[in-house]
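**Q** The lines below spell out each chain.
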Amino acid sequence: MASILEESGFDPSAELKIVGTNPVKHDGLDKVMGRAKFGADAFLPGMLVGKILRSPHAHANIKSIDTSKAEALPGVKSVITAADFPEKKAGTPAGDMTRNVMAREKALYDGHPVAAVAATSEKIAKQALKLIEVDYEVLPHVIDPVEAMQPDAPILHDYLRTKGVEGAEDKQTNVTEKMVTQLGDIDAGFEEADIIVERSYDSKPMHQGYIEPQGCIADYSEDGQIEVWCCTQAPFVYRDRLSAILDIDCNKINVQQSELGGGFGGKTGFYGEPLAIMLSKKASRSVKIVLSRIEVFRGTGPVSGTSYTIKMGCKKDGTITAASAEMIFQSGPYAGSMYFNAPNAMFTRYDLKNVDITAYEVLSNRQKVASFRAPCVPQIVFGVEGVIDEMARKIEMDPIDFRLKNACEDGHTTIYGDTWGPIGFIETLKKAKECDHYKTPVKPGEGRGISTGFWFNRGGETAASLNLAPDGTVTIATGTADVAGSRISISMMAAEELGIPVDQVRVKMVDTNSLGFNRVTAGSRTTFSVGMVIVDSARKCIAELRKRAAEIWDVPEDGVIFEDGMCRPASANVGDFEPLSIADICKKTTMSHGAISGHTEMNVTGAGPGFAVNIVDVKVDENTGRTDVTRYTVVQDVGKAIHPDQVVGQIQGGAIQGVGWALNEEYIYGEDGRLQNAGFLDYRMPVASDVPMVDTIMVEVPNPAHPFGLRGVGEVPVVPTMAAVGNAIGDAIGIRPTSLPMSPPKVLDIIEQAKAEGVYKG
Amino acid sequence: MAKRSHITLSVNGDEYETLCEPDQSLVDVLRNELELTGTKEGCSTGDCGACSIRLDGDLVCSCLVLAVEAEGKEIETIEGMATSPEELHPLQSKFLEINGLQCGICTPGILIAAKALLEKNPDPTETEIRFWLAGNLCRCTGYDKIIRSVQAAAEEMRKG
Chain A
0 MASILEESGF DPSAELKIVG TNPVKHDGLD KVMGRAKFGA DAFLPGMLVG
50 KILRSPHAHA NIKSIDTSKA EALPGVKSVI TAADFPEKKA GTPAGDMTRN
100 VMAREKALYD GHPVAAVAAT SEKIAKQALK LIEVDYEVLP HVIDPVEAMQ
150 PDAPILHDYL RTKGVEGAED KQTNVTEKMV TQLGDIDAGF EEADIIVERS
200 YDSKPMHQGY IEPQGCIADY SEDGQIEVWC CTQAPFVYRD RLSAILDIDC
250 NKINVQQSEL GGGFGGKTGF YGEPLAIMLS KKASRSVKIV LSRIEVFRGT
300 GPVSGTSYTI KMGCKKDGTI TAASAEMIFQ SGPYAGSMYF NAPNAMFTRY
350 DLKNVDITAY EVLSNRQKVA SFRAPCVPQI VFGVEGVIDE MARKIEMDPI
400 DFRLKNACED GHTTIYGDTW GPIGFIETLK KAKECDHYKT PVKPGEGRGI
450 STGFWFNRGG ETAASLNLAP DGTVTIATGT ADVAGSRISI SMMAAEELGI
500 PVDQVRVKMV DTNSLGFNRV TAGSRTTFSV GMVIVDSARK CIAELRKRAA
550 EIWDVPEDGV IFEDGMCRPA SANVGDFEPL SIADICKKTT MSHGAISGHT
600 EMNVTGAGPG FAVNIVDVKV DENTGRTDVT RYTVVQDVGK AIHPDQVVGQ
650 IQGGAIQGVG WALNEEYIYG EDGRLQNAGF LDYRMPVASD VPMVDTIMVE
700 VPNPAHPFGL RGVGEVPVVP TMAAVGNAIG DAIGIRPTSL PMSPPKVLDI
750 IEQAKAEGVY KG
Chain B
0 MAKRSHITLS VNGDEYETLC EPDQSLVDVL RNELELTGTK EGCSTGDCGA
50 CSIRLDGDLV CSCLVLAVEA EGKEIETIEG MATSPEELHP LQSKFLEING
100 LQCGICTPGI LIAAKALLEK NPDPTETEIR FWLAGNLCRC TGYDKIIRSV
150 QAAAEEMRKG
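Going down the list, the protein sequences come from chains A and B.
The first sequence begins at 0 in numbering that gives the first Met the number 0 and counts up by one.
The second sequence begins at 0 in numbering that gives the first Met the number 0 and counts up by one.
Keep in mind that the hints were calculated from the coordinates and are not lab data.
One or more of the hints may lead you astray.
No farther apart than 27 Å at their CA atoms in a straight line, the calculated lysine-lysine pairs in the BS3-like style are these [said to hold, decoys possible]:
hint	chain 1	residue 1	chain 2	residue 2
1	B	K2	A	K122
2	A	K87	A	K177
3	B	K119	B	K158
4	A	K429	A	K442
5	A	K404	A	K314
6	A	K430	A	K442
7	A	K587	A	K546
8	B	K2	A	K68
9	B	K2	A	K129
10	A	K618	A	K745
11	B	K72	A	K122
12	B	K2	A	K125
13	A	K618	A	K442
14	A	K393	A	K315
15	A	K68	A	K281
Derived coverage of chain B by chain A (criterion: at least 3 residues anywhere in the stretch with Cβ under 8 Å from a Cβ of chain A; other residues may be distant) [claimed, not checked]:
hint	stretch
16	45 to 56
17	79 to 88
18	101 to 112
19	132 to 143
Ideal placement from N, C-alpha and C gives every residue a C-beta, glycine not left out.
This is chain B alone, in the form it adopts within the complex (with noise of 0.2 Å):
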């Protein structure tokens, strides 16, 4: 049986050095390797989004990754958008007052992709937000409450 891989990932600014398989994905190995379980796998296949995290700053599907090629990247995980309560990132706030998640489990894709798309474009529209988060399958909420958490957030954002 072929070796495993020796890699190093860099993880919300952590170092971890793990093994795994040359074809694991990105997702596997977070959740199943360094047991950050809050990145979640919802289809394996880049449709649901549920895996979403940064790489290098690019929104990426962590189950399209292949681990080995994060090697030396910047990853960032829902775990480190907040390090307590105290400090949630506007998205997370206004999320949860404005019921933007039911079941939670399409939530830190969500939310990962939400950031992206406000650095990149503080002032999105209706129409911009829900594009940007086509790639997110959410079943509970019909969007509605995520799109306002979303628009609420980027004008906390903006007012700075």
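Chain A with its partners taken away, still in its complex shape (with noise of 0.2 Å):
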């Protein structure tokens, strides 16, 4: 049998019975009626409470802990610092993440780890905190990425020599490394422009934003075996990486994961949970973690803030003949900003010949970078549409028909090698300009914006399991996370090959002891990826079924077929047989030869890539800087919607994602250092009162290379945000924003630059 990574099998004719609906998901009920357990919700017998002593300084030498106090303070079991953990280098990956959940020589942010406490109560636990006594010699820090790459810059790591730069090894540094991406000749696209547009752009770190603080309780047992349960994307990332820094084999750490009260990509990397781990060690008991929500904002990671130039030039026609970028991306005392993603993805969806991208990432005493949602991606592609949009309005061509005019066709090969096979975005700007939003005039006072975003979608390592009871009902075992309904798509697409009601599926997410490695939940890759290698199993399971009607009707193998859910004579000539259900075959053949199962694990490929465009109105007041969304529609090609509704909330999730991103959303630190809007009083995310419906246009171009030409669809939504919004705040008052968050004082001193320019809409 073909591989599905060869052969998915994708039919455009076949008729869907079951994909393309929208049942109930299996984990609903459990969620309305107050019953699922998210990190925080277990209990283990005699569990203590851990407690995190956090550094208030963002840059400081730890000269010394005293713990005695804390320890001998009645009702504390166990007290630790650094010391306690194995020592891995500095500057290597292992190092790096053993120094980010407790920090070593340096706390090197607000809200750094120092030391944990493990007590019998929340009270006792808070009191010890107290009594540790940790002397710090504070010393200069820098939080800006520009300042950060300054000779006289404060510097993090005394070790650390910029990659990728010629004549760097004996300088310090906080520049991680310099990345250049070109394509054709940059000079000679500049020549043949009849318009070049250069803006500066930058942006704040924002926050992930989930509602669940991080959760997760651990149990040392007594001969050296781990359990773990937390909320997480990535099971098996942080049973590998425990792994890695405790110095322990993989396969005495069990995690399981609990339900996910919300990630976006900062739950694929651990806080509490290795703290907690050695405090259970040094306690003899389990030991639960739950962080405050001032821990969250102070502890965990924000994403990069950035500073960038993009300069661009097209054509009379629209045709763009160059693209560059020079780009500085912030990322907290360790590497991991996945900054990478930005020159591939910048301007991917265009049909670029000349590129040239610089790209630093930057080292600074703020929280380690985590994932957001397309990493690294949307906050330039706000200046990229920026940009795009000017040379339109130069040449006053329509937003659409100028991207239009530049936009990737089928089999065009990226700038990261890749050669495309259907896409969808031609077709989505084309739905977009067709849309009643684009085709009502914008109202008086209101301005409009137009954006496009690209992300790649991903595949990756994924195992899983899919098991026949003896009554013919379906069990399938996951362990990728499922961050917002991705089980009852994979239940869908079992349902789907096997031909049986979607009930009579179920999903679990397994722990790590009971499947092979699977790759961290993010990139829009899990419902794509486990889609695939359940279709598999279930074809496995499918062999299974015939090769046992044949033997009950003592006929050929290929005698039989499988349809609808039922093994069948392959024709009159086989003989006349009553056809056998799943369940049948199962009920008379289970005890005799054993369960029939499928079990798939693959480095899954053929992603297909995603788009979406935006069309966004604003209103902006006058005299108060502050905008108001009030009409949003997307469209994205999500190749094909297995459960619709849920692919809509994806959509509608990542707009107002990057509606908060786009005009509130800012880490704000004072000149200490200090982290100073840790709340969502003074972090302000959307709530429903900020913000309109969105409306969606699912545009459908299957990608063949799986079974129901699925694409992912979680990341695309944010991308184009905040460029969106920015352009309707630059149709709304004459000067297009730079900077984000285009929070109101800053949009009231572009409204008083235009006023003064004379360029002043409103």
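With the hints in hand, could you dock these two chains into one complex?
**A** Written as structure tokens, this is what we have:
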């Protein structure tokens, strides 16, 4: 049998019965009845409460830590510092990870853990934290990434040298890497241009903003087996990294994921888990650590702040002739921004011949960067689509026509080397142009913005099992996380392939002991990758079902076909047999032959790229600078929506996260380097009364590498958002903002500038 | 160390006796003393609404109420909204049908808050729903399907 990676079996004319419908998700009932168990919702006998002491300084040498008074407090069962963790060389992946969860030589950001305690109650644990004496030598700090690149900037790590720069071997620096990405002849490209636009932009760190703070329980048994319960997007990655920093074999660490109360990239790396393990080991009791919201803001990763310049040129007919960029990505005290996504994705969707991009990743004294939907791309597309909008205005071309003029077609070879199959970018642009929103004139006093976005979508290492029970019902074991509804989509694909009702399928996210390695749930990979693996597993079951039906009928195996959930004789010549359902065969043969199961693990390839177009209308208050989004439409190529309501939900959620990033959300640091807005009151995410409904138009250009044509849908929605809002504000007030977030004070300044320059619209 | 307080709480019609610290929040006692974890704690400062409950009928953030203050009062949490899948409140049914939840962490608080709204105002406008729920953060949905779920439940409840 050919691998599903070679032959997906995609059939555009197939009549699908389940894929494309909207069944209620199986995990929904527990969630509306308050029974679903999230990270903080579990308890073990004798469990202790773990609490973390955090550095109040953005940059400080840790001269000494005295935990003796805390240890002496009745009820305190263990106290740990970095000294309790194995030594790992600084600057290596394990060295960075262990230092981020527990500061070692230096505290490198406000909120950096320096010690932790486990006690019989939360009250005692908090008292114990106050008894820990840390002798800090406060050092000058740097948070702004441009300042961090200056020759006289405070240096975070004396060992760091910039990768990708000749002659940098003996220079101390905060720049981890310089990356250059080039295509064609950039000088010739700008020579050809009739119009050149160059603008500089910046953005601040924003937080993923999941409503569930990280929560975990660790139980270190006396024989060295470790059980971890936690909310995570990456149970296997957590296990492997815990193994790496604790020097404990993977098979001694079992991670069971809880329900996940939002992640958006922020729960791809651990924080409390290694501390809970070491506290548990020392105390011989299980330990639970649940972060407070303040700790989530101070201690877990926001995204990269950026500072960058985009320069693009086009001909009078709209053809883009050249595009260049120089970009700085701010990364906290350790590398890991995934900034390389930006050069690969920022212009990708436009067919450009001449490109020259330089990107730097720069360390700074802020929380370690963590992923967020389409890491490092949306904040750069904010600038790219701003420049494109300005070019379209200058040549007086409709903004969608301008983008259509440069849009990639099927078979495009990208700047990162992939050649695409069928893609839906042009169709999304055409649908956007035809839609009611775009055809409706902009209301007086409002502005309208257009923007587009691309995301690669991902595959990757995936293992899952599909088991037929003796009664013919189906259980599926997966090792990926369900961030918003992948379980029902996986159930639907299995049910479609097996020809049974979706209610006869249940998906369980099992622990790391139960399956081979599964890559992190991120990058819009899970429904696609697990779908591939599960359809493959279902096909293995079908082969076995046919074999057993043939045996029951005493006919050759090729005399049995499987359709609509039944084994049937392939033709009248085979014989006159009543069709056998999956349940019939399981009931008849499970005892004699053993259970029927399909198991597949593979490195899934063939993810089809995704594209979206946003149309946004805004109203800007002249007196306060406040922006209200009044209408929002997203057109997105989703390949094939397995569960359309859930796909719409992904799109709407991504759009509104982008509105928050566009208008309000930012980390604000004081002169002392401390985070000043570590709470939802001051870190203002969109609330229900801030935003309108989000209209969605799904374009379905199938990805033939997937049996049902699926493309990932989770990252693309956020990519164009801030750019579209920015272009709309520019349309409303006459000057397009260049700094994220476009908060009221900044917009007020731009209104003043527009008035002074005589370009104010409003 | 100060002695813990003995309190008697009525939660969804059931009486619970427990001990708590005098400064312990109600959400903490519900979750960690009574192990009624349907009520979620997202911020502990009254900003996210995940811990929304009813206290003698009033919609409150249970992180802003001391457990000792709830002595003798009727507490209603998500666990009391339906005792079986066959008896779901229309809001619960509509959230399932319309996909008004994604990850589900904000859902208990939003359901409790929406129920309080529909008892006061059986026919709210979209704007009224949006302002009523402005104290309940959701990061997954962008609110669209939450609002539509509440509208659909209100319509069904009006039909009776």
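**Q** Next, verify each hint and record whether it holds.
**A** Cross-check of the supplied hints:
1. B/K2 x A/K122: Given pair B/K2, A/K122 holds - Cα atoms ~12 Å apart, limit 27 Å.
2. A/K87 x A/K177: With Cα atoms ~26 Å apart, A/K87 and A/K177 stay inside 27 Å; holds.
3. B/K119 x B/K158: 16 Å, holds
4. A/K429 x A/K442: Cα-Cα ~23 Å, so holds.
5. A/K404 x A/K314: Satisfied, since the Cα-Cα distance of roughly 11 Å is no more than 27 Å.
6. A/K430 x A/K442: 21 Å, holds
7. A/K587 x A/K546: Roughly 13 Å separates the two Cα atoms, so the pair holds.
8. B/K2 x A/K68: 23 Å, holds
9. B/K2 x A/K129: 21 Å, holds
10. A/K618 x A/K745: 15 Å, holds
11. B/K72 x A/K122: Holds, because 26 Å separates the two Cα atoms, which is no more than 27 Å.
12. B/K2 x A/K125: Holds, at roughly 17 Å.
13. A/K618 x A/K442: 9 Å, holds
14. A/K393 x A/K315: At roughly 9 Å apart (the allowed maximum being 27 Å), A/K315 and A/K393 satisfy the hint.
15. A/K68 x A/K281: Satisfied, since the Cα-Cα distance of roughly 17 Å is no more than 27 Å.
16. 45 to 56: Coverage by chain A holds here, the residue count being 3 at a Cβ distance below 8 Å.
17. 79 to 88: Contact hint for the stretch 79 to 88 of chain B vs chain A: holds, 4 residues under 8 Å.
18. 101 to 112: The restraint on the stretch 101 to 112 of chain B holds, since 8 of its residues have a Cβ under 8 Å from chain A and three suffice.
19. 132 to 143: holds (count 12)
The structure agrees with every numbered hint stated previously.
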